[in-house]
Amino acid sequence: MMQIVKPDFEFKKVYETLYPVIFRVAYRVTGDRALAEDLSHEAFIKYYERRNPLPDLKQTKYWLIRVVKNIALNYEKKKLREKKAYDKLQFKYPHFTQSGEAEFIKEETKSFVQKALNKLPYNLRIVLVLKEYAGLNYKEIGSILGIREGNVKIRVFRARERLGKIIDSDAI
Amino acid sequence: MCPDNETLSAYFDNEIPSPWNKRIADHIAECASCQKRLRQFETIKNYLHEDREPSFESSLEQLEIRLAGLKPRTERVSLWKRRVAVPLPAAVIAAICIMILGISLIFSLTRSNLRTMSIRRGPSGTTEVQVAAPIEDLELLLKSLDTYYLKQEIIITLPEDSLFNITGEAMMFREAEFSRKRE
Numbered sequence: 000m001m002q003i004v005k006p007d008f009e010f011k012k013v014y015e016t017l018y019p020v021i022f023r024v025a026y027r028v029t030g031d032r033a034l035a036e037d038l039s040h041e042a043f044i045k046y047y048e049r050r051n052p053l054p055d056l057k058q059t060k061y062w063l064i065r066v067v068k069n070i071a072l073n074y075e076k077k078k079l080r081e082k083k084a085y086d087k088l089q090f091k092y093p094h095f096t097q098s099g100e101a102e103f104i105k106e107e108t109k110s111f112v113q114k115a116l117n118k119l120p121y122n123l124r125i126v127l128v129l130k131e132y133a134g135l136n137y138k139e140i141g142s143i144l145g146i147r148e149g150n151v152k153i154r155v156f157r158a159r160e161r162l163g164k165i166i167d168s169d170a171i
Numbered sequence: 000m001c002p003d004n005e006t007l008s009a010y011f012d013n014e015i016p017s018p019w020n021k022r023i024a025d026h027i028a029e030c031a032s033c034q035k036r037l038r039q040f041e042t043i044k045n046y047l048h049e050d051r052e053p054s055f056e057s058s059l060e061q062l063e064i065r066l067a068g069l070k071p072r073t074e075r076v077s078l079w080k081r082r083v084a085v086p087l088p089a090a091v092i093a094a095i096c097i098m099i100l101g102i103s104l105i106f107s108l109t110r111s112n113l114r115t116m117s118i119r120r121g122p123s124g125t126t127e128v129q130v131a132a133p134i135e136d137l138e139l140l141l142k143s144l145d146t147y148y149l150k151q152e153i154i155i156t157l158p159e160d161s162l163f164n165i166t167g168e169a170m171m172f173r174e175a176e177f178s179r180k181r182e
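Chains as they are written, first to last, in numbering that gives the first Met the number 0: chain A, 0 to 171; chain B, 0 to 182.
The hints are simulated quantities; they were obtained by calculation from the structure and are not laboratory data. Just so you know, not all the hints are guaranteed correct.
To be verified - Taking lysine-lysine and the DSSO-like style, the derived pairs with C-alpha atoms no more than 27 Å apart in a straight line are: (1) A:114 - B:35; (2) B:35 - A:57; (3) B:35 - A:164; (4) A:45 - A:57; (5) A:118 - B:70.
Construct the entire structure; sequences and hints are all you get.
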């Protein structure tokens, strides 16, 4: 049984309240503004198309973060596959560069902190981003990522430790 | 004894429950090494938060434009929770019809289906017997009359008032038809 629900005040409230945090998480995980925008839009459109809206903003926030996390993970895997293929190609043809200049400019426009974050492996980066930029506690992070709280604790520390080393080495 | 790195990091995030957080706090107050590690966590946190992110306003506007072009949302509603808009006069008429139907059903169920029929022996018979017999058992009545008054002519006077069942069908007609089928 389907019933038409018009885009209402409730949904406007959802995206106006949660867009900043979802965009921030998407940007910090991917390190790419355009990609962060795509990810955030996709998450909100998915929520818009969801037949049963969630009861409160907190639940909605978790749901949207989970969607962003999943899309970002897919993107991460794709990026890794492309990098492998690119490395293989460069090994065969050392002079091959694929829009190398554009990539260089893109990297240069990123902040120092974002570059350091991007150097973290995805599973460490995501916990630190959710802790620092989404304001979630260990239990909430565990629930979103489907891991135990103890595991979150370990990953947060490792991410901090690794990030500290990256910042120190880059600062020198 | 110093807490391990993970525990100290969790303490920094206010993730250690009481009373353990108090014990760790007491230890840190006297431990230069733990204080140093905490300062490192603090530095990294500040580092992460000092960094400015790109503005999201134009991106939010883009989202609004994309949403405006989408089809209206659909929501799955259970059949039992589904609401139907009915004009008030139609609702009143429907309610009255249901009420009339209910009352007539109750009336027809409580009303006795025993109808009085008179049986005379004739044609020059002198006795007239009043029998109260259910209309549904007309067939049984005929059979018993056949048995006891085999050689006599019997006139059955049916009730003068008509009787209909709830669907409007004549009860006697229905029974007669039913009897023929059974034969």
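Notebook entry, point to check: residue 35 (chain B) and residue 164 (chain A): Cα distance at most 27 Å?
Noted result: holds, 15 Å
Notebook entry, point to check: Is residue 114 (chain A) close enough to residue 35 (chain B), meaning Cα to Cα at most 27 Å?
Noted result: Given pair residue 114 (chain A), residue 35 (chain B) holds - Cα atoms ~25 Å apart, limit 27 Å.
Margin query: Tell me if the straight-line CA distance from residue 118 (chain A) to residue 70 (chain B) falls inside 27 Å.
Written below: violated, 40 Å
Item checked: Distance restraint between residue 45 (chain A) and residue 57 (chain A), which requires alpha-carbon spacing of 27 Å or less -> holds, 17 Å
Check: Holds or violated: residue 35 (chain B) with residue 57 (chain A), Cα cutoff 27 Å?
Finding: violated, 36 Å
Consistency with the previously given hints fails for numbers 2, 5, ordered from lowest to highest.
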